[in-house]
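Participant: These protein sequences, in sequence, are chains A and B.
Per full-length UniProt numbering, the first sequence starts with residue 1, numbered consecutively.
Per full-length UniProt numbering, the second sequence starts with residue 1, numbered consecutively.
By construction, these hints were calculated from the structure, which means they are not laboratory data.
Distance ranges between label pairs, derived from CB positions:
no. : chain 1 : residue 1 : chain 2 : residue 2 : range
1   : B       : Lys99     : A       : Asp43     : 51 to 59 Å
2   : A       : Asp43     : B       : His32     : 58 to 66 Å
3   : A       : Val16     : B       : Asn6      : 24 to 32 Å
Backbone N, C-alpha and C fix where the C-beta goes; we use that ideal spot for every residue, glycine too.
Okay, here's what each chain looks like letter by letter:
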Amino acid sequence: MRERHAVVSVIGKDQVGIIAKVTNILADKQINILDISQTILQDFFTMMMLVDVAGREDLDQLQDQFNHLGDALGLKINIQLEEIFQAMHRV
Amino acid sequence: MKIAHNEMIETIRMIQMENLDIRTVTMGISLHDCADADFANLNQNIYNKITRYAGELKAVAEAVEREYGIPIINKRISITPIAEILGNASKEQAIEIAKTLDKAAIKLGVDFIGGYSALVHKGMTKGDETLLDALPEALSVTERVCASVSIGTTRAGINMDAVAKMGMIIKEAAERTKDQNGLACAKLVVFCNPVEDNPFMAGAFHGTGEGEAVINVGVSGPGVVLSALKRHDDANLSDISEIIKKTAFKITRAGELIGRVVAERLKLPFGIVDLSLAPTNAMNDSVAEILEEIGLERVGTHGTIAALALMNDAVKKGGAMASSFVGGLSGAFIPVSEDNGMIRGIMDNSLTLPKLEAMTCVCSVGLDMIALTGDVTPATLSGIIADEAAIGMINKKTTAVRVIPVPGKGEGEMVEFGGLLGRAPVMGVNPYSSEKFIKRGGRIAAPLQALIN
Numbered sequence: 001m002r003e004r005h006a007v008v009s010v011i012g013k014d015q016v017g018i019i020a021k022v023t024n025i026l027a028d029k030q031i032n033i034l035d036i037s038q039t040i041l042q043d044f045f046t047m048m049m050l051v052d053v054a055g056r057e058d059l060d061q062l063q064d065q066f067n068h069l070g071d072a073l074g075l076k077i078n079i080q081l082e083e084i085f086q087a088m089h090r091v
Numbered sequence: 001m002k003i004a005h006n007e008m009i010e011t012i013r014m015i016q017m018e019n020l021d022i023r024t025v026t027m028g029i030s031l032h033d034c035a036d037a038d039f040a041n042l043n044q045n046i047y048n049k050i051t052r053y054a055g056e057l058k059a060v061a062e063a064v065e066r067e068y069g070i071p072i073i074n075k076r077i078s079i080t081p082i083a084e085i086l087g088n089a090s091k092e093q094a095i096e097i098a099k100t101l102d103k104a105a106i107k108l109g110v111d112f113i114g115g116y117s118a119l120v121h122k123g124m125t126k127g128d129e130t131l132l133d134a135l136p137e138a139l140s141v142t143e144r145v146c147a148s149v150s151i152g153t154t155r156a157g158i159n160m161d162a163v164a165k166m167g168m169i170i171k172e173a174a175e176r177t178k179d180q181n182g183l184a185c186a187k188l189v190v191f192c193n194p195v196e197d198n199p200f201m202a203g204a205f206h207g208t209g210e211g212e213a214v215i216n217v218g219v220s221g222p223g224v225v226l227s228a229l230k231r232h233d234d235a236n237l238s239d240i241s242e243i244i245k246k247t248a249f250k251i252t253r254a255g256e257l258i259g260r261v262v263a264e265r266l267k268l269p270f271g272i273v274d275l276s277l278a279p280t281n282a283m284n285d286s287v288a289e290i291l292e293e294i295g296l297e298r299v300g301t302h303g304t305i306a307a308l309a310l311m312n313d314a315v316k317k318g319g320a321m322a323s324s325f326v327g328g329l330s331g332a333f334i335p336v337s338e339d340n341g342m343i344r345g346i347m348d349n350s351l352t353l354p355k356l357e358a359m360t361c362v363c364s365v366g367l368d369m370i371a372l373t374g375d376v377t378p379a380t381l382s383g384i385i386a387d388e389a390a391i392g393m394i395n396k397k398t399t400a401v402r403v404i405p406v407p408g409k410g411e412g413e414m415v416e417f418g419g420l421l422g423r424a425p426v427m428g429v430n431p432y433s434s435e436k437f438i439k440r441g442g443r444i445a446a447p448l449q450a451l452i453n
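Just chain A, same shape as in the assembly:
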């Protein structure tokens, strides 16, 4: 199957349990996490995850779930296909 990666980004105020809650949603959907990086940037918690979405067509649904979680925790959580990052930063 063709490789297909997506980036999950989480930005917002730091609080207990962000990583657990986000990764739970991914685990529920059987989505494998390939890489996680996380920092605190000017008081903002920022986390990036590279996840494997090969053969998955339900990204919309996943984004919906992230929106719900994001609203509840006051965070911005997005999932975007990885190519957009590659295109903009790699020649």
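Since the structure of chain A is provided, determine the placement of chain B on it from the hints.
Facilitator: Same frame as chain A, but now just chain B:
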């Protein structure tokens, strides 16, 4: 290759906080094979072909938008200039076609359909004349149809008969939509040296040199450029050019990717990326504010043209490197009503009509979305068009005029057009007449550079 954390952050910041967007995905469709001696057939052929080709455009664009997390603001269609296939149709039938185009656009859910156009820079065919006659009414009874008329090129010179006619058409179109502040004129642009693959409205049409159908993309990001400059307050002008170039590069790369994905899913060839800095009324999404960030207290003051020239060139350089096929206009748009900084410049008496004209010598388009006093005469409008066309013709570049004489409004009043079209302070024009000049008619011959072969 692994993407670094800070690169991800940068992309996300550009999209979420700095208004980076794909301004438009435009499907160009050739309508040449729709021509038919029988009008009913012609009309039906046009509707069928557009709805068949663009049936999936909106759905596909929206899916790509969601998957890549980058907003596509407009989905549009450009078509063969309608005058080319009108044949013997009457004025009423030409208006009927405009309604058909509107109906197709509404059914498909696209924002605008461009190409209710005529290219009359050298002379007029019967179809061209019919289309021009139909223009004022066609634009006032439709909602999403955009029109353009080419009245001059560097190779052909300027068709002053057409220029004279356009003054009257603009005036009439404004009168017909006076309860909407002359809105019809916002959908009509008069060109010198138009480009055939421009995806931006109101000037988009599917030119003769284009294929059967194609996907063109217009990208825009004044907000991203502005934020990048704000982070380098002490940069000198060479550094500023470098910053704009690098930013333009990244924006164009995003546009090319999205365009190619949309084209692939629609099984159509990918055409071009038009990297233009096109402002919106959103906060900080302003070309004028970039110029002010470069160091002008208010756009329009001395130095504006130099700053604009620097910016326009840097945008082109960044874009040209980023994409295999950069096309369209690719530079800075300076529409007044769509740019908060421009509006402020006019209200503070820094920016004037003559300065705007001068700015068009070094930027992408021309006098764009400018509200004029309601009592401006057709001859004055024609004079404005002739001046702009002359700038384009002599400088071998595209120039355009999209002005809106707002019925019943005087200098200094504010008019609202709504949506992406924004709002504009009404500007006054030179009080002296151009009547005799315009009335002479005929053609302004092409400059000697036509003989460069």
